[in-house]
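Undergrad: So the chains spell out like this:
Protein chains: 2
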Amino acid sequence: MRTGTYAPDRCPDTERNPMSVDTQQAPAQLEEDEVRSLDAHWRAANYLSVGQIYLMANPLLTEPLRPEHVKPRLLGHWGTSPGLNLVHTHLNRVIKARDLNALCIWGPGHGGPAVLANSWLEGSYSQTYPDVTRDAAGMARLFKQFSFPGGVPSHVAPETPGSIHEGGELGYSLSHAYGAALDNPDLLVACVIGDGEAETGPLAASWHSDKFLDPVHDGAVLPVLHLNGYKIANPTVLSRLPESELDDLLKGYGHDPIHVTGDDPADVHRSMAHAMDTALDRIAAFQRAAREDGVTERPRWPVIVLRTPKGWTGPAEVDGRPVEGTWRAHQVPLAAVRDNPEHLRQLEQWLRSYRPGELFDADGRPRPQVLACVPEGTRRLGATPHANGGLLLRELPLPPLEKYAVEVDKPGATLHEPTRVLGDMLRDVMAATAGRRDFRLVGPDETASNRLQAVYAASGKAWQAGTLDVDEDLDRHGRVMEILSEHTCQGWLEGYLLTGRHGLFSCYEAFVHIVDSMVNQHIKWLRTTRRLPWRAPIASLNYLLTSHVWRQDHNGFSHQDPGFVDHILNKSPEAVRVYLPPDANTLLSVADHVLRSRDYVNVVVAGKQPCFDWLSMEEAKAHCARGAGIWEWAGTEDGSRAPDVVLASAGDVPTQEILAAAQLLRRYLPGLAVRVVNVVDIARLLPGEEHPHGMSDFEFDGLFTADKPVIFAYHGYPWLIHRLAYRRTGHRNLHVRGYKEIGTTTTPFDMVVSNDLDRYRLVMDVIDRVPGLAVRAAALRQRMEDARQRHHVWIREHGTDLPEVADWTWDG
Amino acid sequence: MRTGTYAPDRCPDTERNPMSVDTQQAPAQLEEDEVRSLDAHWRAANYLSVGQIYLMANPLLTEPLRPEHVKPRLLGHWGTSPGLNLVHTHLNRVIKARDLNALCIWGPGHGGPAVLANSWLEGSYSQTYPDVTRDAAGMARLFKQFSFPGGVPSHVAPETPGSIHEGGELGYSLSHAYGAALDNPDLLVACVIGDGEAETGPLAASWHSDKFLDPVHDGAVLPVLHLNGYKIANPTVLSRLPESELDDLLKGYGHDPIHVTGDDPADVHRSMAHAMDTALDRIAAFQRAAREDGVTERPRWPVIVLRTPKGWTGPAEVDGRPVEGTWRAHQVPLAAVRDNPEHLRQLEQWLRSYRPGELFDADGRPRPQVLACVPEGTRRLGATPHANGGLLLRELPLPPLEKYAVEVDKPGATLHEPTRVLGDMLRDVMAATAGRRDFRLVGPDETASNRLQAVYAASGKAWQAGTLDVDEDLDRHGRVMEILSEHTCQGWLEGYLLTGRHGLFSCYEAFVHIVDSMVNQHIKWLRTTRRLPWRAPIASLNYLLTSHVWRQDHNGFSHQDPGFVDHILNKSPEAVRVYLPPDANTLLSVADHVLRSRDYVNVVVAGKQPCFDWLSMEEAKAHCARGAGIWEWAGTEDGSRAPDVVLASAGDVPTQEILAAAQLLRRYLPGLAVRVVNVVDIARLLPGEEHPHGMSDFEFDGLFTADKPVIFAYHGYPWLIHRLAYRRTGHRNLHVRGYKEIGTTTTPFDMVVSNDLDRYRLVMDVIDRVPGLAVRAAALRQRMEDARQRHHVWIREHGTDLPEVADWTWDG
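Quick note, the sequences are listed as chains B and S, same order. Every letter in the first sequence is one number past the one before it in UniProt numbering, and letter 649, counting from 1, is 649. Every letter in the second sequence is one number past the one before it in UniProt numbering, and letter 736, counting from 1, is 736.
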């Protein structure tokens with residue numbers, strides 16, 4: 001089953017790297033019987049992979065293969081599977097030989113059949129799913145359920161034992177691997193990277209993670225770059241570089257490449273075993289040097305470059321066209337098995353080429369030779385608790401909030417930068433986990449810009465590259481992670497959380513869209529794991545979005561986008577939460593809540609600029625617990641009747657404008673009964689049937705009334721509020737102001753004026769919507785209009801906000 | 001103004017690359033007077049950069065600097081500016097010396113002051129903005145307007161002459177540069193990449209673009225990797241690698257590095273000039289070899305590594321802390337100039353250090369020595385038409401659609417794969433532009449998977465890496481671009497469109513979220529350029545989203561996300577359009593429309609799986625022109641009275657289910673007057689005030705009625721339809737079905753059943769919502785419920801859809 005097309009030496013440059021361990025050079029270290037037993041394991045995994053894609057009956061081929069044994073819909077990815085099986089087989093060998101604590105990230109997770117096959121072989125599958133036994137009946141179930149309605153997904157997925165990584169989207173394997181290795185000094189994280197995935201941006205960036213890996217406190221990452229040459233329909237870039245150029249690239253990433261190349265199984269087993277041993281010896285030496293000898297030089301960690309044919313051992317040709325070793329092996333090489341007798345014959349021949357009789361006994365149990373390389377208990381890759389991180393999770397030691405709370409005797413009398421206040425709390429969380437090392441703060445070069453720099457007093461920034469005397473807060477052993485790649489930050493944090501630790505991602509609000517697609521996958525993961533009883537809950541993925549849309553004084557339009565909240569709220573409601581704390585104490589309360597929570601993606605939007613303190617710590621806790629509530633002190637209701645109008649807000653800047661509007665109304669229309677409502681937990685606006693935090697209509701009407709005008713000042717795109725509240729009784733009376741894509745480099749107040757979110761416009765909205773006010777308050781309306789005009793004139797001349805705005809305070 | 005901290009030789013590895021051209025090795029090629037005039041230009045640009053950040057009066061320092069000359073709000077980025085000024089000065093030199101046709105992409109576009117300064121110096125700024133004259137009055141305007149309310153943004157922006165790239169988000173400079181170079185054989189695209197940006201994923205991936213650049217038909221890209229050592233608050237990874245490791249990396253990317261290192265201006269001028277000459281000589285030699293000698297070996301294109309201090313020539317220390325050469329120089333080095341006399345003194349000293357009297361005459365005009373290096377006319381970087389691509393744009397030769405139209409005698413009688421039909425049309429567009437070379441198709445390894453492979457008959461896939469005999473459709477001169485990086489695809493296409501050409505991006509629907517943040521920036525760019533009269537309209541950015549949420553039979557949940565439409569519809573309505581053609585002919589009509597359009601981002605969602613043909617080409621054109629309309633042939637209205645219910649749909653799969661529901665209703669409830677409405681252009685649902693395509697209430701009510709139940713089957717998240725239609729009179733009667741995040745690897749019909757979008761559920765919705773039907777049609781409702789149950793049982797057993805569904809046809 002060789003093809004003429006697979007010939008690595010036909011690459012333009014055949015110069016070999018001196019570190020290369022290939023079939024020509026590899027010493028025959030393995031005993032022949034070990035080669036045979038490794039090969040038996042590999043063949044068994046390959047057999048089981050093909051079986052999952054094709055068979056719904058006759059799993060052991062105890063009778064000749066007939067069309068009705070074959071699934072009616074053939075779905076799955078064969079191409080990458082033999083390579084994954086090879087890596088799994090050889091990881092088994094070294095885990096057992098060295099008693100390693102190991103986890104593997106399967107980047108080409110499309111090859112679900114491979115990882116499922118190995119889990120079934122090692123017994124971790126049956127342990128997790130007792131109905132899929134390690135015998136003929138279980139094998140039949142394993143085969144039928146794969147990619148079958150009601151069965152299991154075709155990729156490595158949350159349902160797959162031993163996995164923390166869905167291999168569907170591609171790009172995140174290596175950053176996940178690094179995240180898993182952080183603060184796990186005894187863990188080896190192998191990471192198979194497909195040459196397709198290697199073309200993605202997130203993967204390309206994450207190679208530089210080695211400049212952030214502490215050889216003392218972190219474990220090791222062993223990347224296995226699998227060059228099988230093709231994607232769905234194209235050759236891959238890396239597989240078509242001259243080997244010297246690829247080596248330059250990997251060395252440039254800080255790695256020392258070890259090559260394994262071939263298509264003869266026995267030769268490849270020998271050279272893969274040698275490569276694994278070489279890599280693990282080097283890793284052990286680096287760790288020893290750093291931990292015992294105090295060496296601080298950054299190691300050139302090994303990377304294995306595995307070059308084997310796509311769809312290796314599958315049909316060489318189908319319908320006269322080469323398949324093995326080409327892109328045609330990507331999914332299902334024989335597509336018409338039920339209708340085309342030649343395809344059926346080829347499938348049977350293919351399955352029998354693995355000699356199943358040698359691999360499984362009559363009851364379908366793997367024979368001892370097949371299992372010789374398989375480790376025991378939690379050493380098995382499908383049974384490691386690191387892949388079910390909730391099992392290892394400890395409560396985060398959170399300090400009492402009162403220690404950081406801002407003193408608030410009366411609302412709006414003082415100003416604080418909310419994120420700076422939070423920074424003090426995070427510093428103490430960092431300090432309290434100094435020994436346990438299970439909390440990390442990540443951010444794309446923005447921790448200080450986001451005013452969280454107090455944390456540096458408890459932990460510096462992880463850094464293993466060169467240093468200069470002028471540097472500050474860099475720390476070989478630091479747990480603050482900063483790289484200018486939102487993708488890498490997200491991947492690190494996901495890997496860290498999925499392996500049972502805690503963390504926070506602080507990010508500019510606009511640029512968190514860079515990870516829109518990554519967070520989709522994480523939410524999908526959580527939605528699925530929440531329904532799997534064997535998956536223990538993990539710490540939530542917490543975003544602190546700051547440097548937000550209303551305060552981009554330095555950067556303007558390119559840095560203005562509040563739409564991440566919209567994106568998140570499209571996703572599975574059981575897994576997503578969004579909070580917009582309006583001041584420092586509410587931010588503390590929300591942060592405390594999200595850091596304690598499990599299995600959510602929490603989005604917290606909060607400002608870093610000085611912001612009025614509205615609530616005391618006690619009030620803040622109560623308000624955040626309700627998620628939305630009336631601020632009686634800010635309104636003019638006397639309790640004797642319904643309010644004339646409700647002024648509502650969500651977000652720090654809108655809250656300030658709403659309160660300024662309330663103050664204007666109190667002053668100029670003292671008879672108007674105004675209710676002020678603040679919303680922290682935005683999902684509260686949804687009906688209870690749509691989101692676990694949603695309100696009943698009774699609650700909603702109690703807060704917003706069923707029939708009075710509601711002027712809602714919202715932090716983001718105004719139609720989001722309508723999308724959440726469209727079913728409410730009083731929805732027709734809801735009028736929302738928010739960001740409508742009008743932005744540039746300008747002052748804070750000019751931003752709100754430009755988007756019609758300013759206090760003057762809000763007062764005008766009240767006048768326009770409360771019955772009878774249009775006439776009664778015509779003069780006030782004109783006064784408001786004049787104030788907006790005054791703003792426009794002033795700002796063009798002075799470049800600053802009107803003094804009456806800049807110096808405004810709450811006088812309630 | 002040297003700091004002790006800037007010392008490249010303190011990097012761990014001081015081994016020099018043999019290609020390195022640094023201050024120690026550079027031959028003194030330049031005449032002394034040329035060094036002096038280059039330095040004068042550079043100092044002038046630096047002076048003007050500082051002036052923009054700080055001054056609102058006294059631009060020539062004709063009097064001692066006083067606090068009132070300084071802006072009240074100091075906003076901008078100094079750190080990168082001197083480096084950009086250096087590159088611009090030296091590009092000027094080589095453009096003039098070699099009469100180059102050049103464009104520059106300024107990756108560190110935060111340094112807006114630098115590019116504005118250079119544009120003003122060369123006169124392109126005054127040419128574009130005549131009120132900002134090249135004299136003292138204009139200089140005063142240039143200074144005051146910068147980052148000032150009502151003025152110009154602080155970054156390189158659409159408003160900046162000579163730019164196609166906003167340097168705010170970071171990550172896209174190099175892919176933009178490649179996109180600009182494609183099919184522009186005589187163009188040199190210089191691209192400054194900051195060492196911060198270089199850490200991002202999109203940038204890291206885009207280095208491999210050199211494997212797709214055709215030295216025959218494409219121009220050259222000259223990356224200038226600017227290592228100034230720091231981001232906002234951290235050292236950069238690449239600046240802290242040993243030089244040999246950085247060289248390995250760049251060689252691994254396929255480049256040949258040329259180093260320029262230093263902090264002595266005269267030395268750096270000499271070595272930069274030498275590096276530029278070396279690089280351009282090599283580029284010319286590679287192009288000659290490919291074009292004249294037929295050499296096909298991939299060139300190792302040069303890259304210049306420029307290592308100069310951050311904030312070079314700025315204050316060495318401020319308040320006792322080092323600033324020049326550190327991250328503290330990132331934004332505004334002296335922050336308290338109006339209040340702190342020492343800061344004011346330092347600012348004046350800093351400004352005067354450039355010796356403005358030598359640079360500008362008494363009227364503020366640049367002296368001849370300053371302008372000696374500046375090229376003329378459209379050779380100036382601020383005046384090249386390639387940066388205002390609409391000027392170069394030609395109409396795309398689009399064939400008559402009838403040639404590809406599917407024959408439709410009666411609706412629903414035949415099936416076609418819509419994207420495959422479109423592929424034939426795209427093939428002919430590709431063929432018709434074979435000589436002009438101004439159309440490209442990009443996609444992440446998915447052109448064939450998306451069934452557009454007919455295009456290969458007209459153009460193969462661009463590929464300059466190694467090839468094997470088994471490869472198909474690879475082409476050194478191809479205009480189909482496939483790399484497994486959505487970021488790179490998007491960046492290439494943006495660069496291509498912005499320089500005045502045409503294209504289409506085909507992408508899996510779920511994974512287009514990978515470029516959410518990139519498309520944000522492109523939309524922001526378009527929104528701004530649409531308001532700039534000097535910017536000529538460019539071809540729209542067209543997405544074809546296929547392999548969509550309802551047909552992920554192979555891949556399941558990870559590949560299911562229809563939310564890009566929601567993301568796009570949050571953005572500036574003047575620039576965004578979304579189409580959901582329900583069949584092949586409507587897809588042809590929509591494709592024709594979007595390929596003719598200008599200055600939009602068009603999102604087209606269409607299936608690749610066999611789909612019923614509903615409309616003839618003529619009907620399709622009329623339907624698409626309306627954007628939404630009644631399909632009379634599908635309903636049971638007799639025109640004598642209002643319908644009892646409206647069945648509406650948008651998207652191919654929902655349309656099939658709606659029609660199947662209409663058929664069930666016709667059969668079982670023949671007396672019910674059913675109207676069937678189809679929506680292609682989703683923004684039609686918005687009010688006219690909210691979107692240019694929005695309908696008036698009169699139109700809307702005419703289509704959907706003001707008071708009848710509307711059952712709307714939508715392709716994506718159902719609440720989007722509510723968000724668009726919440727203001728409509730009959731909104732209370734609108735009931736939307738769509739995708740609600742329930743997905744896995746399963747059959748097409750199981751997907752719609754799981755999400756309550758199936759025909760049986762839609763019929764039940766009608767029964768539940770039409771007054772009086774609940775009783776009258778109770779039996780039918782039960783029959784529908786039974787059908788859903790039958791489905792659940794059947795699929796678990798057979799793994800396929802019910803025969804009655806699989807074999808369904810329209811019998812209208």
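It is worth saying that the hints were derived from the structure and are not from the lab. Glycine is no exception: its CB is placed at the ideal position from the N, C-alpha and C atoms. A hint or two may mislead.
[To be verified] Under 7 Å between C-beta atoms, here's a sample of chain S residues computed to sit facing chain B:
hint: 1; residue: Glu169
hint: 2; residue: Glu199
hint: 3; residue: Ala285
hint: 4; residue: Asp319
hint: 5; residue: Thr326
hint: 6; residue: Asp445
hint: 7; residue: Lys524
hint: 8; residue: Pro748
hint: 9; residue: Ser754
Undergrad: In ascending order, which of the hints set out earlier in this document are inconsistent with the structure?
TA: 3, 4, 8, 9
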